[in-house]
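K.L.:
Produce the complete structure using the sequences and hints provided.
Protein chains: 2
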Amino acid sequence: MAPSTEMRFSGWGVEADAGELSGHVISWLEQRFGAPLAARVAPPELDDLRLSASQLSKRATAKLSACVGAANLRTDRGARLIHAAGKGYPDLLAVRSGKRLPAPDAVVYPADESDVRAVLKICGGQGIAVVPFGGGTSVVGGVAPLRGGFDSVIALDLCRLRKLIDLDQSSRIGTFGAGLRGPELEHLLRARGYTLGHFPQSFEYSTVGGWVATRSAGQASTGYGRIDEKLVGARLSSPAGELKLAARPASAAGPDLRALVAGSEGALGVITEASLEISPAPEVTRYEALMMPSFEAAAEALRTLEQQGLSPEVTRASDEHETEIGLAFAGVDGVKGKLLNGYLRGRGGAPGALLILGWEGASGSIDQRRRAALSVLKDAGAIGLGAGAGRAWAKSRFSTPYLRDHLLERGVMVETLETSTSWSNLTRLYRGVGDALAAHAPFVGCHISHLYLTGASLYFTFIAPQDRADPLAQWKAAKRSACDAIIAHGGTITHHHAIGVDHRRYLKAEDGAAGVDALRAVKASLDPRGLMNPGKLL
Amino acid sequence: MAPSTEMRFSGWGVEADAGELSGHVISWLEQRFGAPLAARVAPPELDDLRLSASQLSKRATAKLSACVGAANLRTDRGARLIHAAGKGYPDLLAVRSGKRLPAPDAVVYPADESDVRAVLKICGGQGIAVVPFGGGTSVVGGVAPLRGGFDSVIALDLCRLRKLIDLDQSSRIGTFGAGLRGPELEHLLRARGYTLGHFPQSFEYSTVGGWVATRSAGQASTGYGRIDEKLVGARLSSPAGELKLAARPASAAGPDLRALVAGSEGALGVITEASLEISPAPEVTRYEALMMPSFEAAAEALRTLEQQGLSPEVTRASDEHETEIGLAFAGVDGVKGKLLNGYLRGRGGAPGALLILGWEGASGSIDQRRRAALSVLKDAGAIGLGAGAGRAWAKSRFSTPYLRDHLLERGVMVETLETSTSWSNLTRLYRGVGDALAAHAPFVGCHISHLYLTGASLYFTFIAPQDRADPLAQWKAAKRSACDAIIAHGGTITHHHAIGVDHRRYLKAEDGAAGVDALRAVKASLDPRGLMNPGKLL
Numbered sequence: 003m004a005p006s007t008e009m010r011f012s013g014w015g016v017e018a019d020a021g022e023l024s025g026h027v028i029s030w031l032e033q034r035f036g037a038p039l040a041a042r043v044a045p046p047e048l049d050d051l052r053l054s055a056s057q058l059s060k061r062a063t064a065k066l067s068a069c070v071g072a073a074n075l076r077t078d079r080g081a082r083l084i085h086a087a088g089k090g091y092p093d094l095l096a097v098r099s100g101k102r103l104p105a106p107d108a109v110v111y112p113a114d115e116s117d118v119r120a121v122l123k124i125c126g127g128q129g130i131a132v133v134p135f136g137g138g139t140s141v142v143g144g145v146a147p148l149r150g151g152f153d154s155v156i157a158l159d160l161c162r163l164r165k166l167i168d169l170d171q172s173s174r175i176g177t178f179g180a181g182l183r184g185p186e187l188e189h190l191l192r193a194r195g196y197t198l199g200h201f202p203q204s205f206e207y208s209t210v211g212g213w214v215a216t217r218s219a220g221q222a223s224t225g226y227g228r229i230d231e232k233l234v235g236a237r238l239s240s241p242a243g244e245l246k247l248a249a250r251p252a253s254a255a256g257p258d259l260r261a262l263v264a265g266s267e268g269a270l271g272v273i274t275e276a277s278l279e280i281s282p283a284p285e286v287t288r289y290e291a292l293m294m295p296s297f298e299a300a301a302e303a304l305r306t307l308e309q310q311g312l313s314p315e316v317t318r319a320s321d322e323h324e325t326e327i328g329l330a331f332a333g334v335d336g337v338k339g340k341l342l343n344g345y346l347r348g349r350g351g352a353p354g355a356l357l358i359l360g361w362e363g364a365s366g367s368i369d370q371r372r373r374a375a376l377s378v379l380k381d382a383g384a385i386g387l388g389a390g391a392g393r394a395w396a397k398s399r400f401s402t403p404y405l406r407d408h409l410l411e412r413g414v415m416v417e418t419l420e421t422s423t424s425w426s427n428l429t430r431l432y433r434g435v436g437d438a439l440a441a442h443a444p445f446v447g448c449h450i451s452h453l454y455l456t457g458a459s460l461y462f463t464f465i466a467p468q469d470r471a472d473p474l475a476q477w478k479a480a481k482r483s484a485c486d487a488i489i490a491h492g493g494t495i496t497h498h499h500a501i502g503v504d505h506r507r508y509l510k511a512e513d514g515a516a517g518v519d520a521l522r523a524v525k526a527s528l529d530p531r532g533l534m535n536p537g538k539l540l
Numbered sequence: 003m004a005p006s007t008e009m010r011f012s013g014w015g016v017e018a019d020a021g022e023l024s025g026h027v028i029s030w031l032e033q034r035f036g037a038p039l040a041a042r043v044a045p046p047e048l049d050d051l052r053l054s055a056s057q058l059s060k061r062a063t064a065k066l067s068a069c070v071g072a073a074n075l076r077t078d079r080g081a082r083l084i085h086a087a088g089k090g091y092p093d094l095l096a097v098r099s100g101k102r103l104p105a106p107d108a109v110v111y112p113a114d115e116s117d118v119r120a121v122l123k124i125c126g127g128q129g130i131a132v133v134p135f136g137g138g139t140s141v142v143g144g145v146a147p148l149r150g151g152f153d154s155v156i157a158l159d160l161c162r163l164r165k166l167i168d169l170d171q172s173s174r175i176g177t178f179g180a181g182l183r184g185p186e187l188e189h190l191l192r193a194r195g196y197t198l199g200h201f202p203q204s205f206e207y208s209t210v211g212g213w214v215a216t217r218s219a220g221q222a223s224t225g226y227g228r229i230d231e232k233l234v235g236a237r238l239s240s241p242a243g244e245l246k247l248a249a250r251p252a253s254a255a256g257p258d259l260r261a262l263v264a265g266s267e268g269a270l271g272v273i274t275e276a277s278l279e280i281s282p283a284p285e286v287t288r289y290e291a292l293m294m295p296s297f298e299a300a301a302e303a304l305r306t307l308e309q310q311g312l313s314p315e316v317t318r319a320s321d322e323h324e325t326e327i328g329l330a331f332a333g334v335d336g337v338k339g340k341l342l343n344g345y346l347r348g349r350g351g352a353p354g355a356l357l358i359l360g361w362e363g364a365s366g367s368i369d370q371r372r373r374a375a376l377s378v379l380k381d382a383g384a385i386g387l388g389a390g391a392g393r394a395w396a397k398s399r400f401s402t403p404y405l406r407d408h409l410l411e412r413g414v415m416v417e418t419l420e421t422s423t424s425w426s427n428l429t430r431l432y433r434g435v436g437d438a439l440a441a442h443a444p445f446v447g448c449h450i451s452h453l454y455l456t457g458a459s460l461y462f463t464f465i466a467p468q469d470r471a472d473p474l475a476q477w478k479a480a481k482r483s484a485c486d487a488i489i490a491h492g493g494t495i496t497h498h499h500a501i502g503v504d505h506r507r508y509l510k511a512e513d514g515a516a517g518v519d520a521l522r523a524v525k526a527s528l529d530p531r532g533l534m535n536p537g538k539l540l
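If you read the sequences in order, they're chains A and B. First residue of the first sequence: 3, per my numbering; consecutive thereafter. First residue of the second sequence: 3, per my numbering; consecutive thereafter.
To be clear, the hints were calculated from the coordinates, so they are not data collected in a lab. Keep in mind that a hint or two might mislead.
[Stated by the list, open to error] Which bits of chain B does chain A cover? Going by a derived footprint, with three or more residues having C-beta under 8 Å, they are: (1) 164 to 177; (2) 204 to 218; (3) 242 to 248; (4) 316 to 325; (5) 419 to 428; (6) 495 to 501; (7) 516 to 527.
Idealized CB from N, CA, C, for every residue including glycine.
P.N.:
See below:
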């Protein structure tokens, strides 16, 4: 059975939440591009799309149906289409291309770990590739229905595995079914006084299993930690058997296998459960915005905060380009822009780099940390813009993907990519990737959104008028330039989007030949026939 | 070339540091055992020991000598003996057994990573097993010269790889040669204003490479983090090639291979470099002792401290048994014991569980954290014993291994083992392991020494009159009971001593069959002939 709300196949979220493209956005882009945006082309409807017939054999269909029940094996166009792609830019292009869409031959909805094991056994016997499917929000091709040499492929949708399996309050450990989505998980925890504190931009649709499989960071990772840092136990069902790792605070018993589960991207098996560190639900949540004189000043100040233990839970520092577009898109241009400039000038500043801080926790501890942090920031030239601008960001924190859809309908390519590096290398990497992208797009912006003792993430957004003749080639060229620049300038190929299909060719630059071989050996051990998510990660 | 100070083969450290067995210790043990300790049997001298002739072929000797230089290939009795064993109780017994000691056929001292690579190539070609050797402080058989089916085995002593390779101050990353020992490493860092904050009991002799290979914790791990948490980059030289992992704050590029290097125990390759998070050298170091009403009250209070972010850098809570022996060994019995009891009674307390707290950092932040922590502890019934008792612990923090040697000379078995579990399971595990050991030893004590959000470590010490007829069988029986109890009660088989030889049979209980197979696959990929540290870990 599908969950109550499935995302539309043609874009982000459900239609009702999509909103509209604001006039501010259109006018800023038209000015930047020096040309009007194209007329809107509506995304295709379900009936417009072409899909091959399911290749699942009768025998396999019967076996799978007997295993999970007929209602939990779907081969209809709707189910297959929704599971045909993730939400990367190439996925959105494919849906709009008019070409025949590759789709899984069936969608299987297991009830529990034992169902997953049985399905994997059938797929092993019948030679069927398996794509584990959580929220379907991958932006790197992570759920593409690739067959890997097999005749058929199924999407294994984990939406029925969505229990809060255990809540160990004294140990601060929550154990969750892999298919739990963000809002439902937070609802279950908040009702008991806790939070996971994990809020990726995909929060509304992505799942616990997907977060672990892709080493998700979350917008509040600076405070609550990344998902791989919070993972204390896991179950991963693989064709060769189950990895069942008990929740443990620490161990010296050889290499930590939790680190093989985190980042396994469905290629080593199916994550069915995860035990994660949880936190008390915050007493206070306080967002605010400040203007920093420059991105470099912001980065240096954030380094100080992090290394002095003063960081807020959410930290987001936009560079000058992203600050400009952010203000413009929010309608802070024209008269409002002049007011802002006047305000900043009156305090000895100017529009520079916008900083969003989000404080979450017990009120006493926040007050103290915040006072100390603001003192550091003000010494670095910060000018407070108040809580309103901070709340505005928090309100729209999950909405950017909708904007991307609207822009695509108006012939605008919007894409993002992300990396991380040490503090000492941050500026070099920022410039290297920015320069590479500038050759492909009239707008390139960047922000820092995750702080670590030793470094930070960089998240780039680039926007260009779409090349209608070959939009995929246009994207590929920009993506390739950016990835090459990331490697050349010492960044990691992905900080939180994962490898999927798009970054596969760069894994060797990341891990070396011996490292990739070691991972392949792990895969061959857990998945000897190569059923699991072929063509991804390795 | 050997380092300036090599440990004596017959016990811990160098003779000059060994001190003497105090009368307090002797009298307490004789009272507990109800019998006088045996007369001292001095450990054997170098010339007493029997050693087989080196099995290294002339051809291999010539090749290795040409590779590292004749001065860096040693086959003399002294070098072979010092590398013949670690410092576990079975190792100490073997040295004293009068039986022929297995020893490596040669000791090779590479100068750098390129030497290591060349040596591994020669060993691959000639069929020679390789035991990477750092400080030789393993207490689980990690450096035993096992041949794994090969005719000969060398110890690869990394003491020449002891550079501070890079210090990235703005990123708080230090990159160290694997052979750097604790004191030298700290000296290099302190001279520049930093500390690694890593102080295992073996600190004086153990090395960076060994810490990473065994996922060492360190007595200050509660504050500074475990070595595996601090590892941001590494180089591991394996027969199939090098794993060269750049220092990165975070990544989502598939499974984190740093987690294969940490805990690799020489079985996957030779760690040659490690990049680790460093911290500013503390402005203030403040140790103190408190008496808690009971071990359970201490555990519960420490859970509160840790989950409220108030933990000191060093936390050590002894149970009632360890408290009793600790006070007795320090001479706080008899008249002094009565004084202590009177002091405690006057404050409404009694001897219970001794708590040692060590605060390290900037003075302002410590004062505040300490005040809040002491308030929590006092609510839980803590009575302050002052800084003197804390300093006394800090002064003797690396000296317990010497005591073990002295006791062994007097016919007393002393052994330690350690585990960890979630807070909610801590008491159950404590009782289960304690009961198992009580069947083997008249004294069993325990302390908590590492706090985590989700749980804590338990470190057991047991002491018994040695069974002179078969001391190894006596040890094996106790060890077996304790390990079985750890597994049965949900603990990890080792929190910071590693797997080595002694815990190998329990790896399957830890990782499951599929997990062990996956690790074996990694080994087969990196070390196809199985040269590397055979018989350990896997």
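K.L.:
A separate judgement is required for each hint: does it hold in the structure or not?
P.N.:
Here is what the structure says about each hint:
no. : hint       : verdict
1   : 164 to 177 : holds (count 5)
2   : 204 to 218 : holds (count 3)
3   : 242 to 248 : holds (count 7)
4   : 316 to 325 : violated (count 0)
5   : 419 to 428 : holds (count 6)
6   : 495 to 501 : holds (count 7)
7   : 516 to 527 : holds (count 10)
Checked against the numbered hints above, the structure violates only hint 4.
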